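Given these sequences and hints, build the entire structure.
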Amino acid sequence: MLSKNQIKLITSLQQKKYRKQEQLFFAEGIKVVQELLHSNFELQELFTTKQDFLSVSKDKLHAISEAELKKISALATSNSCLAVFKIPKAKEMKESGLILALDDVRDPGNLGTIIRLCDWFGIETLFCSEETVDIYNPKVVQATMGSISRVNVVYGDLENFLVKTKLTVFGTFMDGKNIYQESLPNDGIIVMGNEANGISEAVEKLVTDRIAIPRFGDLQITESLNVATATAIILSEFKRN
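For the sequence shown, the residue numbers in my numbering are 1293 to 1533.
No lab work stands behind these hints, which were simulated from the structure alone.
Errors might be hidden in some of the hints.
[Unchecked claim] Label-pair ranges, simulated between beta-carbon atoms:
1) 1352 - 1447: 24 to 30 Å
2) 1312 - 1528: 17 to 23 Å
3) 1342 - 1401: 22 to 28 Å
4) 1488 - 1386: 28 to 34 Å
5) 1500 - 1336: 39 to 45 Å
Please read all numbers here as calculations on a predicted model, not as lab measurements.
Backbone N, C-alpha and C define an ideal beta-carbon position, used for all residues, glycine too.
Encoded structure:
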């Protein structure tokens, strides 16, 4: 049975300030939870309506009803389990190979999908501007489908990072060079911009190579691609080259 304190704590973790204060986050659904249980993330507590987690120690495993799960779930339709994990300490960032950088990406679904793409394409480091949505937002965690445990996500001052780097900085712009006609390196930083405004003016000044995904439609009137979709195309092309 859930206590009032447990309900209060878990529901508070939907907000960034409480996640930071408690150094905890939660994940929902068997697929995501199982992935995180097999990672380096440390489990705090697991609440489930089914008997699917026999390997979890009894002191951390709590059998609850579907009604109780709905009280703590962030989903419109609650799944069968919810697990609370400790936020791990930040890892050191390797400034080599391909690094993806996000300039003020705000949509949780986009960030979660981008983290999955980094996992798929072997991008070890994702650098996020301080304005980018929090990686431990429940909707981000859900969208990563477990990839959150395999990609090193670093938050910081993006402008300062780009000023100091020795790597080539690629930026995605409508007037950039056709990515399909470029010889792309194995090392560099690829910057993806905000959903509505693209790459900010301050960051744009630090981009050394402007690239673009060309439009092939006859009308040529589509303004832009979804940032996660664009990221998939660009990472695929860098890896193919």
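Going down the list of hints, with the structure as the test:
no.: 1; hint: 1352 - 1447: 24 to 30 Å; verdict: 29 Å, holds
no.: 2; hint: 1312 - 1528: 17 to 23 Å; verdict: 35 Å, violated
no.: 3; hint: 1342 - 1401: 22 to 28 Å; verdict: 26 Å, holds
no.: 4; hint: 1488 - 1386: 28 to 34 Å; verdict: 31 Å, holds
no.: 5; hint: 1500 - 1336: 39 to 45 Å; verdict: 44 Å, holds
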